[in-house]
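**Q** One-letter residues, chain by chain:
There are 2 protein chains.
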Amino acid sequence: MTDRIRRFLRDKQPETPCLVIDLDVVEFNYKRMRELLPQAKIFYAMKANPAQEVLSRLGKLGSSFDTASRGEIEQCMAQGVDANRISFGNTIKKERDIAWAFQQGVRLFAFDSEAEMLKLARSAPGARVFCRVLVDCGGAEWPLSRKFGCAPEMARDLLRRAAEMGLEPYGVSFHVGSQQTDLEQWDRALAQVSQMFYALAETGIDLKMVNLGGGFPARYRADVQPLEAYCEAVQRALVRHFGNRMPEVIIEPGRSMVGDAGMIQSEVVLISRKSASDRKRWVYLDVGKFGGLAETMDESIKYRLTTPRDGGRTGPVVLAGPTCDSADILYEKTEYRLPLALKVGDKVEIQATGAYTTTYSAVSFNGFAPLKAYCI
Amino acid sequence: MTDRIRRFLRDKQPETPCLVIDLDVVEFNYKRMRELLPQAKIFYAMKANPAQEVLSRLGKLGSSFDTASRGEIEQCMAQGVDANRISFGNTIKKERDIAWAFQQGVRLFAFDSEAEMLKLARSAPGARVFCRVLVDCGGAEWPLSRKFGCAPEMARDLLRRAAEMGLEPYGVSFHVGSQQTDLEQWDRALAQVSQMFYALAETGIDLKMVNLGGGFPARYRADVQPLEAYCEAVQRALVRHFGNRMPEVIIEPGRSMVGDAGMIQSEVVLISRKSASDRKRWVYLDVGKFGGLAETMDESIKYRLTTPRDGGRTGPVVLAGPTCDSADILYEKTEYRLPLALKVGDKVEIQATGAYTTTYSAVSFNGFAPLKAYCI
Chain A
1 MTDRIRRFLR DKQPETPCLV IDLDVVEFNY KRMRELLPQA KIFYAMKANP AQEVLSRLGK
61 LGSSFDTASR GEIEQCMAQG VDANRISFGN TIKKERDIAW AFQQGVRLFA FDSEAEMLKL
121 ARSAPGARVF CRVLVDCGGA EWPLSRKFGC APEMARDLLR RAAEMGLEPY GVSFHVGSQQ
181 TDLEQWDRAL AQVSQMFYAL AETGIDLKMV NLGGGFPARY RADVQPLEAY CEAVQRALVR
241 HFGNRMPEVI IEPGRSMVGD AGMIQSEVVL ISRKSASDRK RWVYLDVGKF GGLAETMDES
301 IKYRLTTPRD GGRTGPVVLA GPTCDSADIL YEKTEYRLPL ALKVGDKVEI QATGAYTTTY
361 SAVSFNGFAP LKAYCI
Chain B
1 MTDRIRRFLR DKQPETPCLV IDLDVVEFNY KRMRELLPQA KIFYAMKANP AQEVLSRLGK
61 LGSSFDTASR GEIEQCMAQG VDANRISFGN TIKKERDIAW AFQQGVRLFA FDSEAEMLKL
121 ARSAPGARVF CRVLVDCGGA EWPLSRKFGC APEMARDLLR RAAEMGLEPY GVSFHVGSQQ
181 TDLEQWDRAL AQVSQMFYAL AETGIDLKMV NLGGGFPARY RADVQPLEAY CEAVQRALVR
241 HFGNRMPEVI IEPGRSMVGD AGMIQSEVVL ISRKSASDRK RWVYLDVGKF GGLAETMDES
301 IKYRLTTPRD GGRTGPVVLA GPTCDSADIL YEKTEYRLPL ALKVGDKVEI QATGAYTTTY
361 SAVSFNGFAP LKAYCI
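Residue numbers (full-length UniProt numbering), protein chains in the order written: chain A, 1 to 376; chain B, 1 to 376.
Treat the hints with caution; some may be incorrect.
[Unchecked claim] Quick list of in silico lysine to any residue cross-link-like pairs, SDA-like style, CA-CA up to 25 angstroms:
hint, chain 1, residue 1, chain 2, residue 2
1, A, Lys372, A, Arg221
2, A, Lys12, B, Asp97
3, B, Lys347, A, Gly71
4, B, Lys333, A, Glu299
5, A, Lys372, B, Arg96
6, B, Lys41, B, Gly105
7, A, Lys343, B, Lys347
8, A, Lys208, A, Gln192
9, B, Lys372, A, Asp97
10, A, Lys333, A, Gln351
11, A, Lys280, B, Lys372
12, B, Lys333, A, Gly71
[Stated by the list, open to error] Which residues of chain B face chain A? A partial, calculated answer using Cβ under 7 angstroms:
hint, residue
13, Ala68
14, Arg146
15, Pro152
16, Met154
17, Pro322
These are calculated hints, taken from the structure and not from any lab test.
The beta-carbon is built from N, C-alpha and C at its ideal position, and this holds for glycine as well.
Modelling step: build the complete structure from the supplied sequences, incorporating the hints.
**A** Here is the structure:
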């Protein structure tokens, strides 16, 4: 929590639950990433937090934007971002949305399948396209499965055919998994990707860009290596595999731009035990899985919590949200401890919740309003 | 899908994805439940679908309402439902919301812990309260875990203390788990609950009500026994355990009131394979886990799908939503087959999606609008 957030909460006493975003931290994160990986062009993955103040601040700093839908492109352009700084990075697009984006001036599109490439050839003729490839992504806390990307051989074929159909085969993207903790993953991925560059060059197709995706972490409960270490690992891998034939480099950070810029303040609604001999207290907050903390699904993301009673003796707890849904439990298997002195009505602060919270929150599940956010 | 829904879709051609609810089916479900379990008072669990047209129709039919929050109570009263037909059934309530509800005239409240009982004693003096007890709930497709309820011994103590503090210890509730498939669960639960009635009667406290919760199923992909069988099992268990000392009976159906009354129409956005040798096609719809199909979490609820190409040869598929989130996969482990002739742009209908869809949908994750609903 920054001083600015602390001051805001003290002065405004907003109703809980709410998220407070410190825009100066977003700016700091952007500038640091620019410094640590100067050759990379930053496309902010706006799905992480599309608050207009965040888009506007990053836009003014010169950021480009990775978007997932027509809705996101509209939000971005509403903040004065030019279409040439927008990538339509979702590999799953309706053809009418492709045509619309192309008409707006968007010229950079992702794909990972034949059907999507054909849509692009028809509805975004001449656009720059990049193919997402499947890379092995062990080590990520929010793993990516196989939903996106295709096998490298298929990607090579599709890029060749894209050229034949009048598209500009611009590059290749991959994603090592969100909140990736194993730095070697970028090296393994870039090894595969550089092979594709060489193989395609032999058939006369010169790819110009490699898109490293996201995956840079935010600091949750567990220690992560500093961003410097990540950027050095990426830098080393780029040099090792591309040498003096370095392509244009794109990164799509989301979580690492806004995660630690925000904090959710919540209130303890209830503390109880299920029986006289229950070892764990159940602590129910006024925010849960359906109010913005969706990334606690399978207890994947383990947020840091602070309370006004910190410092005293603690005991184990199960942490849950306020809805009547039994799936609305944040941490039951993961060991969490909270002060024994914690009381109903106390504020609990959920740290580093600037990414993947507001937009995940349900419209009005159980009659609870979506998570409110304040950008300061 | 009913004829009315079919006609609506044909005539209006609404943009996908959307949910269409046939209110006549809701009415039919309500009346049938009344007929099959005439001694039970129905408190519709409005969290399943709080569309104002649904609340209004059920309100006119005489239904009472089980609510989870101040927001739900407001929605309910906005449809002309009197406070004496409302139960504040969430065991996790802010004290200021209890006080507000009491002020509105709500007189029936749930609790399952000492802290909550104390809030009720302070802020809803004299109200009827019922204690939720933990029962074993194997057999449910959407299991309830231990989030709600307390051990029967604790419930007995708390009900006794509630009386001492000026509350009216009105009854006991339990929930066998949503989409419960094992009919014997009600018998096992009622055996425990009736013991509590007898034990408390010996100390001079006469409970008046047993609240059977929900758990009655909707018909998804797997066959379920007819509602008649469920109601007979409940009836038999009530008679076996309460005999001629039958208490007032409350049920809180949600899913079984609205589940089969609604249908989501979606569009195929993309069909692809990950490599030339991929055995399964990936079929991406324009609705997914964050657009209303949250109950596919862990592939729990398995919806029935229909397509305009049904009847021809089929092949195995992975089914996914349109967002850039890799968790947005509906069915990957569960075997789903779709026609080989299925094409991008085809409509896919997701049957029996009237419950737990609209309100679960995310505010605007990835820039996609929440699920639209039409009540007809």
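**Q** Holds or violated: are the alpha carbons of B:Lys333 and A:Glu299 at most 25 angstroms from each other?
**A** holds, 20 angstroms
**Q** With chain A as the partner, please determine if B:Met154 meets the hint condition of a C-beta pair closer than 7 angstroms.
**A** For B:Met154, the interface hint holds, since the closest Cβ of chain A sits about 5 angstroms away, which is under 7 angstroms.
**Q** Run the distance test for B:Lys333 versus A:Gly71: straight-line Cα separation, threshold 25 angstroms.
**A** violated, 31 angstroms
**Q** Need the status of pair A:Lys343, B:Lys347: alpha-carbon distance at most 25 angstroms?
**A** violated, 52 angstroms
**Q** Under 7 angstroms, Cβ to Cβ, is where B:Pro322 needs to be relative to chain A, so tell me if that hint holds or is violated.
**A** This interface hint holds because 5 angstroms falls under the 7 angstroms limit.
**Q** Tell me if the straight-line CA distance from B:Lys41 to B:Gly105 falls inside 25 angstroms.
**A** Distance ~19 angstroms between B:Lys41 and B:Gly105 Cα, so the pair holds.
**Q** Is the Cα-Cα distance between A:Lys372 and B:Arg96 25 angstroms or less?
**A** The hint holds at about 20 angstroms.
**Q** Going straight from one Cα to the other, do A:Lys208 and A:Gln192 come out at no more than 25 angstroms?
**A** Holds - the C-alpha atoms of A:Gln192 and A:Lys208 are around 16 angstroms apart, at most 25 angstroms.
**Q** Double-check B:Arg146 for me: the hint is only fine if its C-beta lies closer than 7 angstroms to a C-beta in chain A.
**A** holds, 6 angstroms
**Q** Does A:Lys333 pair with A:Gln351 here, judged by a C-alpha cut-off of 25 angstroms?
**A** holds, 20 angstroms
**Q** Are A:Lys372 and A:Arg221 close enough, with their CA atoms no more than 25 angstroms apart?
**A** holds, 24 angstroms
**Q** When the nearest CB of chain A is found for B:Pro152, is that gap smaller than 7 angstroms?
**A** violated, 9 angstroms
This entry does not satisfy hints 7, 11, 12 and 15, going by the numbered hints stated previously.
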